[in-house]
Amino acid sequence: MAIKIEQVKSVLLKNARVVDPQVKLDQITDILIEKDIIRKIGPVREFKGKTVDCKNKIVIPGMMDMHVHLREPGEEHKETVITGCHAAAAGGFTELACMPNTKPPIDCRSDVEFIKERAENHLVNVHPIAAVTIGQAGEQLTEMGDMIEAGAAGFSDDGKPVLTAALMRRALEYATMLGKPVIDHCEDLSLSESGVMHEGKISAVLGMPSIPSIAEEIIVARDLLIAEYTEGLLHLAHISTAGAVRLIREAKSRGVRVTAETCPHYLVLTDEAVRGFNTLTKMNPPLRSENDQKMLIRGLKDGTIDTIATDHAPHAIEDKECEFQVAAFGIIGLETAFGLIWTHLVEKKLLTLEELILKMSVHPRQILQLPENKIESGAPANLTLVDPDIMWTVDNTAFESKSKNMPFQDWKLKGKTFGVINRGKMILTV
Amino acid sequence: MQLKSRHLLGLEGVCQEDITLILDTAESFKKVLDRPIPKVPTLRGKTVANLFFEPSTRTRFSFELAEKRLSADSVNFSKVGSSVAKGETLKDTARNIEAMKINFVVMRHSAPGAPHFLSQCLDSVVINAGDGAHEHPTQALLDMMTLRNCFQSLKGLKVVIVGDIEHSRVARSNIYGLLTMGANVGVCGPATLIPREIKALGVTVYPGIEEAMKEADVLNVLRIQLERQKEALFPSLREYRNLFGITRERLDRVNRRITIMHPGPINRGVELDSDVADGDYSVILSQVTNGVAVRMAVLYLLDGGRQKLEGDDHGN
Ligand SMILES: [Zn+2]
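Chain order of the listed sequences is A and B.
Residue numbers for the first sequence follow my numbering, beginning at 1 and rising by one.
Residue numbers for the second sequence follow my numbering, beginning at 1 and rising by one.
To be clear, the hints were calculated from the coordinates, so they are not data collected in a lab.
Be aware that a few hints might be false.
[As the list claims (entries may be wrong)] The calculated lysine-lysine pairs, modelled on DSSO-like cross-linking and capped at a C-alpha distance of 27 angstroms, are:
#, chain 1, residue 1, chain 2, residue 2
1, B, K158, A, K160
2, A, K294, B, K199
3, B, K155, A, K201
4, A, K24, A, K301
5, B, K230, A, K404
6, B, K199, A, K201
7, B, K230, A, K201
8, B, K39, B, K101
9, A, K402, B, K101
10, B, K158, A, K201
[Unchecked claim] Far from chain B, by Cβ distances over 10 angstroms, these chain A residues were calculated:
#, residue
11, R39
12, N121
13, A137
14, E199
15, T230
16, D389
17, G424
The beta-carbon is built from N, C-alpha and C at its ideal position, and this holds for glycine as well.
Please model the complete structure; the sequences and the hints are all you need to start from.
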């Protein structure tokens with residue numbers, strides 16, 4: 001499926017259920033868009049331009065994924081800024097933040113500008129997350145101020161943790177001064193060591209080197225203490241364990257300025273999936289236990305976990321067609337995230353539509369201190385169109401992403417996005 | 001006479017009937033090995049590739065001998081240390097094997113699941129000769145065969161595996177096989193070398209060797225690897241011996257027969273004292289003999305088990 005970006009002169013979304021908890025909106029009505037602005041929310045009788053029939057469909061504020069690996073520069077055979085943006089749009093996202101662990105890492109102004117330039121004319125807004133330390137080497141801080149001016153939305157050494165407590169302290173103090181968060185990948189490297197899956201019953205069965213949940217929790221605890229001490233803006237990426245959820249909940253209850261994310265795969269799969277040595281179930285942090293999964297869902301529900309991000313991690317076939325221990329960590333997620341969350345959380349009443357909008361659209365922008373995205377007349381039209389009833393089968397051969405690595409092939413899902421509108425452009429995917 | 005699975009990747013999930021079939025067949029082959037010309041034409045015209053990505057003398061030797069006794073042609077490939085490093089991928093290696101029209105692949109590899117991966121890329125029959133710390137099915141089969149020779153049945157037998165359980169494929173395959181056959185299985189070793197959730201596999205964990213010996217009919221003593229000392233998993237061989245070594249004094253204190261097994265090679269004076277290893281209760285050398293018979297049985301059965309065995313006396 002080749003994606004087609006249409007320029008919007010004027011377009012009418014007819015008979016849509018329009019939902020935006022930010023403005024307490026939930027009604028069936030029409031939305032009239034002119035260029036990049038919402039002109040009217042309400043019945044439109046006479047209209048000559050392009051009309052999208054949205055009967056039994058839902059329109060929500062454009063979704064944002066704040067944890068994407070675009071692989072450009074350096075590994076363009078896996079993904080590029082453009083193919084990643086296409087994949088995002090196909091998955092219903094109008095904005096994304098991309099991680100700096102490219103080759104070389106995004107650690108100076110010109111790197112940030114390069115990413116911005118690549119995405120310049122796309123429908124999807126790309127917000128580069130820049131490295132905390134030069135070369136992500138864990139030594140010297142990057143020129144954060146300069147990079148924010150160029151468009152950096154936050155800082156992370158993702159791929160690995162901010163190496164030391166001292167460095168985390170300085171990074172948080174400095175980034176917070178500039179109004180942007182530090183995003184940490186929480187992993188105590190001495191504990192995870194050569195581990196490739198969750199330490200638990202399944203790793204005992206398979207005899208596989210494993211990563212205990214405390215590898216994540218110890219760095220979460222460290223970061224929370226530092227955030228409390230520095231009053232820094234801390235965001236914890238891809239939280240996967242029950243213990244981490246408990247620590248974050250406790251910190252939040254005492255007013256620590258922390259936000260946290262989890263990913264769809266932790267919500268729909270457990271380490272049971274690793275039986276059979278399918279390398280498409282290998283990611284970092286690893287798929288955890290059933291109890292961890294239960295606590296993540298509870299954390300989402302009670303507000304401990306603020307956002308669902310994909311950790312979209314494209315890899316070439318040969319990086320996954322090998323022994324489990326040798327295989328690359330990570331799976332792609334942009335084109336399955338919505339369907340997985342809708343099918344496995346919303347349909348099962350574990351999450352409401354409003355909560356989904358908060359987790360996948362509203363909070364990511366708040367966390368990165370970006371302009372809010374509300375559905376109201378006069379506001380920029382930045383929208384995701386949802387078909388809540390469609391039954392579909394995951395098929396990675398039809399993906400926009402350059403890579404195909406994910407364990408959801410042939411899964412039957414209910415609910416899919418069918419279009420996005422942003423920056424005066426529209427992509428319809430059915 | 002056929003196994004339910006096309007490959008032998010592990011003993012987890014292999015049913016009692018199949019294990020019994022392999023052990024019974026191995027007994028017939030053991031008789032073949034006692035003949036003046038210990039060879040049968042069973043696999044004549046079949047080719048076996050022995051792929052060893054990890055050093056191994058005993059297992060490879062045992063497989064090669066089993067293949068020769070069955071009149072199969074065998075080719076050997078060993079490429080130590082290259083598996084996890086970048087180089088030719090396992091998939092490419094597999095494709096090359098396939099192109100050479102090989103019937104069986106016997107593989108030893110440091111990565112758990114490597115033979116499973118191989119079996120997905122190949123038409124040949126794959127036999128796991130040890131994959132990392134995951135499984136070593138033929139070792140557990142020969143252990144069970146040895147135990148069946150000593151005891152009436154495996155049912156209700158109490159076997160304690162002693163040593164580095166975490167890194168042991170021998171331990172895992174024994175656990176799966178023995179539990180399937182109705183034995184009770186215990187593990188005993190330094191807490192740092194016992195997987196955290198090993199109990200979920202259905203085994204008893206003994207914190208000390210004395211408690212284990214109080215209850216065990218059999219001790220299967222694993223080789224302790226020197227490298228583990230450097231990884232801070234135990235302080236010294238001396239301390240290991242003090243806490244977990246199977247010594248004559250310890251055995252005497254139990255005052256009852258405990259059968260001693262060891263997959264080899266033995267660190268004498270560390271996990272096992274020489275007078276125990278060479279003593280009356282040791283069945284270590286029978287294990288080695290049975291290894292060849294079990295591997296012949298596995299090859300024969302995975303080939304379809306079609307040829308008649310008894311009276312197949314003509315040799316060549
Ligand atoms: Zn990460």
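Verification of the hints:
no.: 1; hint: B/K158 / A/K160; verdict: violated, 46 angstroms
no.: 2; hint: A/K294 / B/K199; verdict: holds, 23 angstroms
no.: 3; hint: B/K155 / A/K201; verdict: holds, 25 angstroms
no.: 4; hint: A/K24 / A/K301; verdict: holds, 19 angstroms
no.: 5; hint: B/K230 / A/K404; verdict: violated, 40 angstroms
no.: 6; hint: B/K199 / A/K201; verdict: holds, 9 angstroms
no.: 7; hint: B/K230 / A/K201; verdict: holds, 26 angstroms
no.: 8; hint: B/K39 / B/K101; verdict: holds, 24 angstroms
no.: 9; hint: A/K402 / B/K101; verdict: violated, 35 angstroms
no.: 10; hint: B/K158 / A/K201; verdict: holds, 23 angstroms
no.: 11; hint: R39; verdict: holds, 56 angstroms
no.: 12; hint: N121; verdict: holds, 38 angstroms
no.: 13; hint: A137; verdict: holds, 23 angstroms
no.: 14; hint: E199; verdict: violated, 6 angstroms
no.: 15; hint: T230; verdict: holds, 33 angstroms
no.: 16; hint: D389; verdict: holds, 37 angstroms
no.: 17; hint: G424; verdict: holds, 47 angstroms
The earlier numbered hints that this structure contradicts are 1, 5, 9, 14.
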